Structure formats: structure tokens, C-alpha cells
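Peer 1: As given, the protein sequences belong to chains A and B, one line each in that order. So the first sequence is numbered by the numbering used here: it starts at 1 and just counts up by one. So the second sequence is numbered by the numbering used here: it starts at 1 and just counts up by one.
If you are wondering where the hints come from, they were derived from the structure by calculation, not from laboratory data. Source: prediction; values computed, not measured. Take every hint as true, because none was put in to throw you off.
The calculated lysine-lysine pairs, modelled on DSBU-like cross-linking and capped at a C-alpha distance of 30 Å, are: (1) B/K287 x A/K144; (2) A/K144 x B/K288; (3) A/K139 x A/K118; (4) B/K288 x A/K94; (5) A/K139 x B/K288; (6) B/K287 x A/K94; (7) A/K111 x B/K288; (8) A/K73 x A/K10.
So the derived label-pair ranges between C-beta atoms look like this: (9) A/D24 x B/K103: 31 to 37 Å; (10) B/K103 x A/R11: 33 to 39 Å; (11) A/K144 x B/F35: 43 to 49 Å; (12) A/H143 x B/A91: 29 to 35 Å; (13) A/K144 x B/T5: 48 to 54 Å; (14) B/F129 x A/H143: 54 to 60 Å; (15) B/A91 x A/D24: 41 to 47 Å.
Using N, Cα and C, we set each Cβ at its ideal position, and we do this for glycine too.
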Amino acid sequence: MVENNKLSAKRVDLFYGDFQALHDVSLNMEKNKVTALIGPSGCGKSTFIRCLNRMNDVIEGVTIHGDILYDGKNIRTDFDVIELRKQIGMVFQKPNPFPMTVFENVAYGPKIHGIKDKTRLDEIVETSLRDAALWDEVKDRLHKPALGISGGQQQRLCIARVLAVNPEVVLMDEPTSALDPISTSRIEDLIDVLKRDYTIVIVTHNMQQAGRISDKTAFFYQGVIVEDGPTEKIFFNPENPQTEAYITGKFG
Amino acid sequence: MKNDTPSHERFIELMLFLFACVSIISVIGITFFIFEEGLPLFVHVNFFEFLLSSDWSPTADNPSFGILAFIIGSIFVTTISLIIAVPIGIATGVFMSEYANPKWSSIVRKGIELLAGIPSVIYGLFGFFFIAPIIRTLTSSDTGLGVLTASIILGIMVLPTIINTTEVSLRAVPRELKEGSLALGATYWQTIIRTLIPAARSGIIAGIVLGIGRSIGETMAVLMVAGNSPIMPKGLLSNTRTLTMNIVTDLKYAEVGSLHETSLFTTGIVLFIFILFINLLVHYFMKKSLERTQGK
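In isolation and in its complexed conformation, chain A is listed as follows (with noise of 0.2 Å):
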């Protein structure tokens, strides 16, 4: 089983200043495997998914004790932030193309990593695109806005930037709560595709999407994780009150 762990959280705490965030979490990601963080607003999910490629070293004032390993490798002494998030990507709650066209975006990750051939882009952008499954809807405008496609066209937009740069996790921190429901049916079909290729870790708000998406589940509560595992078992035998209080939507 260890040898499978993408990603592992080791006795993680988290300080924004002198407001304790995390609590001692630990957590064990499967490679190829769908792992859903719930919980209610607050408690961590989205902190803790932003440890994973470090998106926290942006924000100030922030301290992080434990350890996080990656392929079984420290993410804070035995890699390069760069490279760490180009293997591990991100999409984010709200939709963010860059103001540039669709091509361009998707062309960015790559570019950066100073790939230059204009052929091996038009490849990569193509490729990305149909992972992503919007190719059909955007091959027509790839050279207009991105900004002009709709919110749902934009999500997975933002996931094809990330293919792009070809990393082995992809993190998702709420993808679809700014969309509407044939968006997200839409994004949810395309990570059960994805998790072939990927392992992915996806934090979301809504149950029934964790339920219909996730392998495996952890609840975070006040900074804490109060249960993880596969998902079925969380769902349907929880062994914590307090998740099957938040499952069953007593709060949260």
C-alpha cells in the first residue's frame, strides 16, 4: 500500500500568524486515485490542498510544521517549488484564463518551461485541449479571447493549462462550485477520464460530488481531519459522529 501513496501529509500544522489553521494533519494520497477533502467552510480543506504544491509560500505570515512527501521525497527540502508544481497542478475555485486567447493559454505552462517549437505547442495545446475535453467546442477560436468562452468552457480550459505542463497530480480546490449543473456534470465525468493519468486530489463543497467522484475521503473539521478513507465506508458507515452528523447534513 505505501509504495502506492502519491502524495502523503505527515503531522502537517498550519499557522496564518498566530491562528492555528491545520492540526496535526496527516493524509495519504493514492496515485490514480480520486481523494475528495469535505468539510464545512473553514475548516482546512482548501488550505491543506494548497500545501500540496505550496501555494501557501504566497501568502505571508504563513508557517507550516511537518512534512509533506511527494513520490516519497520532501516538497520543502528536495524540491525546487518550480518544478513541484509543474508535476503537481492546480485549478482553482473560480475559472481564471489569462486575458489572452484560448491558444495562449493553454500554450503558457509550456512556454514558460522554455518549449519553443511552434509545431510541438500546437501538439501540446491540441492534445491538452481534448484531455480536457473542450477541443470540439474551442478549435474554431483558438485564437480569440479566452475570456469569451463561457464559464464552463473556461474551467476546463484551466484544466487543459495544466495538462499542459504534463504533471503527474492534479489538485482541484472547489473546480466547479462557480458553475452551473451541466458544467459540473460535465468536469465530473472529464476526473473520472482523468484519474487514469493522474492522480487527482479535489476539494469540494458539495457532497453528492464527492460521492459520485471520490475513491477516497477525508473530513476535515476545525482544522482537523476526523476521518478519512474510501469513500463508500464514509459515506455509508462512518465511524465518527461527527462526520455522519456532517453527511447527513445535521450541519456544515
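Could you slot chain B onto chain A? The hints should help.
Peer 2: Leaving out everything else, chain B in the frame of chain A:
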């Protein structure tokens, strides 16, 4: 303006409206005034000759009113001043918005506010007694006055405008864009160059155009350091006269009611049209910038 509004409320509204009209009336008044005073020149002087000749001898027996040298002077000085100010201004704006900690950026901001508040005559003094001697020492220039010195002074004068708009536009870029770029493994610098500045582009350009307006309209400081010869500037060290300088300089000895005096208003019209055009550009880029940051 419902009917049940109490009459004193209506009175206050009316008063405020009248006060608000003061600036509009002033603009219309000034415009009308300079056109009324300046346009009659073309009864006596050919329109194209005025704009395209560089022979300015308004008091000669056979007077000639060509302001091309001053148009070129204004454009030349403004261009060089921007070549100096734009890189420094954008770099400072980037530093303040992206790198400086709050303490540093507040210190720099106070400095910039002071810089913006210094009267232009002081800039002129500074140019005359500090920059000009340096230019004189470093170059073949005899006086140290001319295009380059004027441009340096103007460059410093427009810095605050460019810095402020750059900083404000960069800060207006949504955090999500910055994070999106960083999360793809871009370095902070790559993110600034490839995402933040392009996203803030319209605002930054608006600031630059605003700077052009300030530069082209500046009078006192350039008057003190540009050398003020009514000739076509030939290079960076050449003396020059700008449109604004021409009005001030010649107003002192133009006979009242003469064609010479009229021609100064006509020079004003040209300056006015430049500024009008620049304002339209600023407006356009501001609008575009707003649309961009709001994701439209």
C-alpha cells in the same frame, strides 16, 4: 426628482448642479476663446504654411509664421522624456505593487507624492543648476541646456503619474491570475512579465498617455532648461522651443492686436488639439482597462 421632494431639497440639488456646471462652462469658454482669438490667423497666413514651415519670424518686415519647429520640439522633448520615464516608472510601479513590503512601499509612495507636488519652477531651477552643469561636463554642449536636459526634467515630472497608474493597475489584477500562473510553475518574474503586466496593460498605457499630456503641456520647467531657440532641433543637445514655450516667450513682446499675438493663440489651438487627442486616448485605455480587470 419625484414630485413629493421637499422644495429645499430641490433647491440644494439645483445649487449643486449649478456648481457642477462651472467646470463645463470653463472648458467651453476657454475653447471658444482660443479658437475665436486664434483662427483669424488663417485669413492672412496659409494653414499648411503655419503647420509645415519652420520659419518663425513674426516681427520681420515680411513676417513668417511657421510653427513646425515647435511642434517637433514638443514631440521630441516629450518622446525622450517618456523613453526615460516609462522604464523607470513601470519598474517602480512593479516594485511597489509586487515586491516592496508595506513599510517600503509607503516610504516610496510618500516620496512620489512629494515629487508630484513640487512646483514646476523648482524643477526648472533643479534642471538649470544641477542637470545642465552635468550635461555640460559630460557632453560637447556649451550651455547644458536643450532637448536632453528638458527631457530629463520632464521625465522626472511625469514619473509619479506613470508609477501610480502602474501600481494601481497591477494591484487591480485579480489574485487568481497571479496564482494561476505560479501554480503552473512560473517564477514570480515570469508571472509579472507574462501575466500581470499584460493584464494591467491598458491601465499602464493610460498612465503613459496621461504622462504624455503632462509632458507636452508643461511650460515653466522646459522654458528654463530647453534653451528656447526658435529653430528645428537637430539632436539631443540642440536648443529647442516647444509650443508652450513659444506662447510664453512671444507673448512678452507681441504687439497687442497684431497678427503675431493672434498666432500665439493659434499655437494654443494646436496644443489644445494635441491635449484633446491625448485625453481621448486616456479615456479609451481607461475604459479598456476597466473592462479587462472586470473580466468582460
